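Novice: What follows is the residue order along each chain.
Number of protein chains: 4
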Amino acid sequence: MLTITRLDQQDARLLIDGARQKAEEIGVPMCIAIVDESGSLVAFERMDGGKITSVTIAQDKAFTAAAARKATHEYNEKCVPGSLVFGIHTALGGRLCVVGGGLPVSVDGEVVGGIGLSSGTPDQDMACAQAGIDHFLKTRA
Amino acid sequence: MLTITRLDQQDARLLIDGARQKAEEIGVPMCIAIVDESGSLVAFERMDGGKITSVTIAQDKAFTAAAARKATHEYNEKCVPGSLVFGIHTALGGRLCVVGGGLPVSVDGEVVGGIGLSSGTPDQDMACAQAGIDHFLKTRA
Amino acid sequence: MLTITRLDQQDARLLIDGARQKAEEIGVPMCIAIVDESGSLVAFERMDGGKITSVTIAQDKAFTAAAARKATHEYNEKCVPGSLVFGIHTALGGRLCVVGGGLPVSVDGEVVGGIGLSSGTPDQDMACAQAGIDHFLKTRA
Amino acid sequence: MLTITRLDQQDARLLIDGARQKAEEIGVPMCIAIVDESGSLVAFERMDGGKITSVTIAQDKAFTAAAARKATHEYNEKCVPGSLVFGIHTALGGRLCVVGGGLPVSVDGEVVGGIGLSSGTPDQDMACAQAGIDHFLKTRA
Chain A
1 MLTITRLDQQ DARLLIDGAR QKAEEIGVPM CIAIVDESGS LVAFERMDGG KITSVTIAQD
61 KAFTAAAARK ATHEYNEKCV PGSLVFGIHT ALGGRLCVVG GGLPVSVDGE VVGGIGLSSG
121 TPDQDMACAQ AGIDHFLKTR A
Chain B
1 MLTITRLDQQ DARLLIDGAR QKAEEIGVPM CIAIVDESGS LVAFERMDGG KITSVTIAQD
61 KAFTAAAARK ATHEYNEKCV PGSLVFGIHT ALGGRLCVVG GGLPVSVDGE VVGGIGLSSG
121 TPDQDMACAQ AGIDHFLKTR A
Chain C
1 MLTITRLDQQ DARLLIDGAR QKAEEIGVPM CIAIVDESGS LVAFERMDGG KITSVTIAQD
61 KAFTAAAARK ATHEYNEKCV PGSLVFGIHT ALGGRLCVVG GGLPVSVDGE VVGGIGLSSG
121 TPDQDMACAQ AGIDHFLKTR A
Chain D
1 MLTITRLDQQ DARLLIDGAR QKAEEIGVPM CIAIVDESGS LVAFERMDGG KITSVTIAQD
61 KAFTAAAARK ATHEYNEKCV PGSLVFGIHT ALGGRLCVVG GGLPVSVDGE VVGGIGLSSG
121 TPDQDMACAQ AGIDHFLKTR A
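Chains as they are written, first to last, in full-length UniProt numbering: chain A, 1 to 141; chain B, 1 to 141; chain C, 1 to 141; chain D, 1 to 141.
Careful: at least some of the hints might be erroneous.
[Said to hold, decoys possible] Taking CB as the label site, the calculated pair distances span:
#1 M1/A to T121/D: 25 to 35 angstroms
#2 D123/C to M1/D: 51 to 61 angstroms
#3 M1/A to T121/B: 23 to 33 angstroms
#4 T139/C to L84/A: 47 to 57 angstroms
#5 D48/B to P29/C: 55 to 65 angstroms
#6 E110/A to G93/D: 44 to 54 angstroms
Since the hints were derived computationally from the structure, they do not count as laboratory data.
These figures come from a predicted structure and were not determined experimentally.
No residue lacks a Cβ here, since even glycine has one placed at the ideal position from N, Cα and C.
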């Protein structure tokens, strides 16, 4: 039998709070998705003004980061024609997302969930996702 | 041009709060989804212990209730063999959900969004969805 | 509560009229899709001779332009291997379309819908989409 | 943070062994799927002669039983026209399976995974699924 540690609802709220604060700071309303370590949705928030397409993309970024235990921008880097990773962006009906903005959430070296941001540029999405993790790690201690 | 009124993030939080309180009261951890009047997700919460299958079902109930402006249990009632409504439960790839637990959210006689609950029995899901609406209507006034 | 402005059926007819006139002028029968600001279809016309594949592609272009508030050719420009946006073209099961020919429709600086054209070259599709918007903005005033 | 217990690969082999022995005993080659408590596949075996359609159905039965924490035949019982549960069989694109043959696997009162059998009659599928659980619970002690 395996014993797994995963985000609970309270953890998810901290992640969302940190990401939202950064999104407000840079003035970009975001879609924010938090999933557990298996990629199942725990919490979601579309800030007023977040894009409709981002409802799904934020969830897919979080899913990919948690379930593959890899940041989506790391997949992006290798997902170039000629690389053997190329094509992974169409896997799972396109649900495996290689656009920057999805980060695994780790505690004590173990992936316990994922966070996905969408509505800004990939750089903005990544910065807000990281802000969510920073806030979570700082506050839960 | 049409002018539309729809739930914002603050409204969504009130709806979730009311539904969660009822879910805690009856001791059934739920998945709670709030969508706008077009059926796009605004907020989602999986209470600790909510079912994985309910992540999607709660969203589909909310989507159906808002986008069709009809409670899912009202579709259910008519979705019986021999009725001309029968078969609607397979529409949109099964996303149109006729299981009880999805309610449209109306303000001033206009549908402004939807709420979907899943993880309990349909009766429990419906009671929590209604509790969300009651709390929202009472608190926003 | 949010207040949203979106295209109505009359607006949609103007958009289609402008796009059709341009399509007839260049001699390319087109599929023309108009969606509201949430990406839901408001009107669609397949001119006699329009391509069958374009029935879906025109809708996806209009959906993408409205729901992401960005022209599909702008996504196309950034969706190149090595860019952090790469991979967005497979999002939403491929429904997020980065082929040129989808434009958001804005009034008073706000996106109120989208128009998507398909059956010609991307340049032809874009020109007809723009013609639809020009006709709409000029006529409604 | 939540702590979760789930089936590991060794547990999955025990479940499959018990199910296969019963399938051989009754002379029906089966598809056997084992998933963890989130519904993700851990192990799968198509006995020589197992049906091709059952490759997916066995997985969907196991997924449903684990992720909804309910035997598929229990859903079946309530999924009748006129019941508020009716329509659940088309949820998740039909992946939520209400055909008999999927059972949750519980240890110490907690669902740790699911087993799904397909290729025989529902009664045969259910008997083999139960045989898998019996063997697992007896052997792991």
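Novice: Against each hint, give a clear statement of whether it holds in the structure.
Specialist: These are the hints, each one checked on the structure:
1. M1/A to T121/D: 25 to 35 angstroms: holds, 32 angstroms
2. D123/C to M1/D: 51 to 61 angstroms: At 54 angstroms between Cβs, range holds.
3. M1/A to T121/B: 23 to 33 angstroms: holds, 30 angstroms
4. T139/C to L84/A: 47 to 57 angstroms: holds, 54 angstroms
5. D48/B to P29/C: 55 to 65 angstroms: holds, 56 angstroms
6. E110/A to G93/D: 44 to 54 angstroms: Taking Cβ atoms as reference, E110/A and G93/D lie about 32 angstroms apart, which means the hint is violated.
Violated hint: 6 only; the structure is consistent with all others.
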